[in-house]
Structures are given as structure tokens and as C-alpha cells.
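Novice: Please put together the full structure from these sequences, using the hints given.
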Amino acid sequence: MDTSRLLRTTGTVIAAAGLLLSGCTSGGTVPRASAQPSETSAALRPYYAQKLRWRDCGVPGFQCATMKAPLDYARPESGKDVEIAVARKKATGPGKRLGSLVVNPGGPGGSGIGYLQAYAGIGYPAQVRARYDMVSFDPRGVARSSPVECLTGPRMDAYTQVDQTPDDAGERARLVAAFKEFADGCAQRSRSVLPHVSTVEAARDMDLLRSVLGDEKLNYVGASYGTFLGATYADLFPDRVGRLVLDGALDPTLAAIDLNRDQTAGFETAFRSFARDCAKLADCPLGRGTPEEVGRRLKDFFRKLDAQPVPTGEADRPLGEALATTGVIAALYDESAWPQLREAITQAMDGDGSGLLALADTYYEREPDGKYANLMYANAAVNCLDQPPAFTGPEAVEKAVPSFQKASPVFGAGFAWAALNCAYWPTKATGAARELRAKGAPPIVVVGTLRDPATPYKWSKALAGQLDSGVLLTYDGDGHTAYGRGSDCIDTAINTYLLEGTPPQDAKKCT
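Remember, our numbering sits 63 above the position in the sequence shown when you count from 1.
These are calculated hints, taken from the structure and not from any lab test. If you're wondering where the values come from, they're calculated on a predicted model, not measured in any experiment. Please note: incorrect hints may appear among the correct ones.
[As the list claims (entries may be wrong)] Below, in silico cross-link-like pairs of lysine to any residue (SDA-like), each with a Cα-Cα straight-line distance of 25 Å or less:
#	residue 1	residue 2
1	Lys367	Gly414
2	Lys280	Gly186
3	Lys362	Leu317
4	Lys280	Gly564
5	Lys462	Asp325
6	Lys521	Arg497
7	Lys362	Ser336
8	Lys491	Thr103
9	Lys469	Lys571
10	Lys243	Val464
11	Lys434	Tyr136
12	Lys469	Glu563
13	Lys280	Thr555
14	Lys280	Gly528
15	Lys131	Thr103
16	Lys571	Gly305
17	Lys469	Glu458
18	Lys280	Glu498
19	Lys280	Gln190
20	Lys469	Ser336
21	Lys159	Lys143
22	Lys524	Cys573
23	Lys131	Pro100
24	Lys280	Cys573
25	Lys280	Gln529
[Claimed, not checked] Label-pair ranges, simulated between beta-carbon atoms:
#	residue 1	residue 2	range
26	Asp539	Thr316	46 to 52 Å
27	Gly503	Asp539	28 to 34 Å
28	Gly528	Ala112	36 to 42 Å
Ideal Cβ placement from N, Cα and C applies to all residues, glycine included.
Specialist: Next up, the structure:
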């Protein structure tokens, strides 16, 4: 299990795992020169003035292009660039075109292009797609944009099976060795890009994208970690903010340890909802009773797997505690996956771990051929740059484990140890926790779900309060994020804002 601040939409966990853009061919377009800010430095002007050459992508209705960005914004004159993969689906009409709507699915490390193809470009409300060009990009370090690489497929298989609830000094040493191998692999395979994949740099890339798309203002929907990217953009460029929706927000004032502990509590909340639902059913593999009783049975099952993994049909990948925990967590992002989770746990208790392994594979974006998308590599690279590490070593984790277990009796210890990964990172953090105010920006809509596992509701309240123009929209529901997940009230409020520019009333609550 490696779940340290992996924040992404449900679609990228279950439905869109592994869906990436295919090869590109022919076409072109020219941006409006007026989209370039007058105060742009001389060294950055060529980047803002570049023309995107749009080409067919092999997927009907979608086009793709490649945008250049400076590797190091502190030295844009160095001539060292990163390539940013971009995709769009043009507005279908009818109605007046409103420009581009840039979407981001979260992560960090989620492929925006995969998300656009699999969901946003075809699943966003028709009236929104009619009037906006739907656009996304793979942020630097992700998928097709100068990707961070760390481990081979077989070594990543081994990494995902390492025990992250160590019981003795030997198991702690093996866990530390795994984190070090992961970090060393990233340093060896991605040395040049690794220091330059922070959220601030991705936000600067997003302003380049706004300009070369020909838009005066950025219209944007960011989900999960994408809310942090969007809020960072708004804080850097408040005068270039158009209509921003931040769905399932992260609180940028929290230090890494607090973010990880809060997320631990979020998954406990989601599990308790699952447990209450499961306990009503005659076929619940965890039996009847309170959420606490159901949780104890799941934890007991994890202990049995720790001692004796069960077969999965893959000789080198039996289901142990680490993979089983990841499989459960993957299904907690969305209540529609609860039936699949019940069946997978039932199978595992009967000695067949293939169902939970399949859920874990969607979480890690592992393909059937054993290849991994770079999601987990980019996730660590961005998180470890954005903030100093949650822990400096195993001793610090051991002191914190009780507080994590209080947040979640089921998942606490594993989440605490997973947060040790940045302690061994080869590049020092360039960011730190701080308020994002975006002073002078127009209204920014922040959406929070009351029982969100990955981005606890209090984070959305906090971000909406920090932003000078933040407007809080609340969804009384389960699962991760709210837009497009079945609430007419939420969807109508956001659609009205995107199409007419009218934000919902602050503190509006939907079911």
C-alpha cells in the first residue's frame, strides 16, 4: 500500500484507469496575441507566443498538441524545456462559444488527457460541452509530459507488496529499504525533471496553456488535488481567473503530517459508511453489527493476510495485507463500487484474492501486462517537492502511529507508515504550507462532500474561507468529489456558474 496524499477523482481510480491518448497526426491553429500578459518577461515571451499545432489523436472528436515550457522558471533563458501534452475536444454548439474549459482529475500524477478522453470530454453535461472547448493536459512529470520514471514493472510489483504495518525491527528495515529503492530509482531515471515538477510550476504551465489557447481568462474545473493546482493558479494570477470550480478541495495551510492524518480520518469515515451499508445485507462478508465491529473483523482479516497471503492466480503476487488494504481503499472512493468490494472481500476470505488484487491494480494503474502508468512516481515527486516530509525517520512515525490509529482504527498504522516515503527523497522540498488567498479574483466555487474519503469536507470549508472570493457549495453525500456524480442540485449550480457566470449562494447545501 502506498496511499500518501493520492488525491484523484473516482473516474481515474475505477473507470479510467490506464486510458491514455493514442498517437497524433496533422493540423494547426493560431492563438490570439492579446492573450499574452503585457508584463511577461522577455525570456518567457517566446513560450507565451508559441503556436499549438493541433493534430488528430486517433480518437474520434479529440485533437492533441505539444506545448513547450521552461524546465526551470527561475532560468527560462537556459534553453532547457519540458514538453507538455495537451488535448481538446472542440465545442459542439449550439450557443455562443465561451472559450476553453481546462479540467484536471487530481493525483498529483493523474493523466488529464486520459481523464478528458474517458470522461470529461464525453461525460460532462452536454450544455457545457456545447459552449466550451474541453481541454486538458498532462502536468509536467505526468504520463506524456516529460514523465517521472522510477521502477521497472517487476520492482514496482515488489514495492506494492511490502508490509506497511511493520511489527518488528526487521520489517521496519525492509520498509525503509523499499522507500529508498523507490527514491533512488526516481533519481537515476528522472534526474533532470525531478526538481521541477512542483504544483507552482504546473500552475505556471497552466497560464502558458491559457495564453496559447487564446483565452484572456482561465476557466477551469479541478477535482481533488486539482483543486490545489487551481487555487495555486488563482493565487499566482488572480487577474487571469475566469470561472473556477474546485471540487473536493485540499487545505493548503496544513503541513504534510496533518494532511495525511486528516486523509486517514476521511477514509475511516468512508469505511464506516460502507460498513453500515454492508451490515444490513445478509451476504456481508464482514458480518452484522456496528461499524466498529465490522472494522475489527476487517482488521483481523488483514492480520491473517499479513501472516499468510492467499493466492490470486498470479504466482508472484499473492494477496497480502498491503495489496488487500489498497484494494479496499480503491473501492472507498465511490459508493457505486461497494458491491464489487463486498464480492472481492468474500472471495478473499474464501481463499481467492483476485478480486481485491484487481481493485489494487486499478488504484496503481497497473496494466495486465505488468506495466505501470507513472501515476505513483509523479505522485511522490510532486508531493515531496510541495512540502517538507511528514516524517524524518521511523522513530517519528512510531510516535505518530497512535494519533493515526485514533483517526482510523482500521487504516491508521498503514497510512502513518506510508507517509514516510518523502523522508528519503533525493530532492529537497521547494514549497511549504501556506494560505492561498487569490486577492482580487472573481468568485471561485469550492465544492465539498460531507463524507469524502480522500479530501475531508473540512478541507473544502477551509479553502473556501481562505480564498478572498471563495464560495462554498456542499454535497451531503458519500464518495470522492461531487460534480457529475448524481446530484441534480450540485450539477445545476455548477452548470449555471460555468455557463452564466453566476455562482451559487455561499454555503448552499445539496443532496
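Novice: Now, for every hint given, state plainly whether the structure supports it.
Specialist: To see whether the hints hold, each was checked on the structure:
Taken as a hint, the Lys367 and Gly414 pair is honoured in the structure, with Cα atoms around 11 Å apart against an allowance of 25 Å. For the suggested pair Lys280 and Gly186, the alpha carbons sit about 24 Å apart, so the restraint of at most 25 Å is met. Restraint check: the Cα-Cα separation between Lys362 and Leu317 comes to about 29 Å, which exceeds 25 Å; the hinted pair is violated. At roughly 13 Å between alpha-carbon atoms, Lys280 and Gly564 fall within 25 Å of each other, so this suggested pair holds.
This hinted pair checks out: Lys462 and Asp325 have alpha carbons roughly 17 Å apart, not beyond 25 Å. A distance of roughly 16 Å separates the Cα atoms of Lys521 and Arg497; the hinted pair therefore holds under the 25 Å criterion. For the hint linking Lys362 to Ser336, the alpha-carbon distance of about 16 Å falls within 25 Å, and the restraint holds. Distance hint between Lys491 and Thr103 is unfulfilled; the C-alpha atoms sit about 28 Å from each other, more than 25 Å.
Note on Lys469 and Lys571: the hinted pairing is violated, with a Cα-Cα distance of about 32 Å set against a maximum of 25 Å. Taken as a hint, the Lys243 and Val464 pair is honoured in the structure, with Cα atoms around 21 Å apart against an allowance of 25 Å. A threshold of 25 Å between alpha carbons decides the hint, and for Lys434 with Tyr136 the separation of about 32 Å lies outside it, so the pair is violated. Distance hint between Lys469 and Glu563 is unfulfilled; the C-alpha atoms sit about 45 Å from each other, more than 25 Å.
Annotation: proposed proximity of Lys280 to Thr555 holds, straight-line Cα distance about 23 Å (limit 25 Å). As the CA atoms of Lys280 and Gly528 are separated by approximately 23 Å, the hinted pair is consistent with the 25 Å bound. Between Lys131 and Thr103 the alpha-carbon distance is near 16 Å, which keeps this suggested pair within the 25 Å criterion. The suggested pairing of Lys571 with Gly305 holds, with an alpha-carbon distance near 21 Å, which does not exceed 25 Å.
Between Lys469 and Glu458 the alpha-carbon distance is near 18 Å, which keeps this suggested pair within the 25 Å criterion. Simply put, Lys280 and Glu498 have alpha-carbon atoms about 23 Å apart, close enough for the 25 Å limit, and the pair holds. A distance of roughly 20 Å separates the Cα atoms of Lys280 and Gln190; the hinted pair therefore holds under the 25 Å criterion. Our distance criterion of 25 Å between C-alpha atoms is met by Lys469 and Ser336, whose separation comes to about 17 Å.
Our distance criterion of 25 Å between C-alpha atoms is broken by Lys159 and Lys143, whose separation comes to about 40 Å. Taken as a hint, the Lys524 and Cys573 pair is honoured in the structure, with Cα atoms around 15 Å apart against an allowance of 25 Å. Taking the CA atoms of Lys131 and Pro100, the gap is about 17 Å. The hint holds against a cut of 25 Å. This hinted pair does not check out: Lys280 and Cys573 have alpha carbons roughly 29 Å apart, beyond 25 Å.
Note on Lys280 and Gln529: the hinted pairing holds, with a Cα-Cα distance of about 22 Å set against a maximum of 25 Å. Between Asp539 and Thr316 the beta carbon distance is about 25 Å. The supplied range of 46 to 52 Å is therefore violated. The hint said 28 to 34 Å for the Cβ distance between Gly503 and Asp539, and at roughly 32 Å that hint holds. The hinted window of 36 to 42 Å between Gly528 and Ala112 holds, with their beta carbons roughly 38 Å apart.
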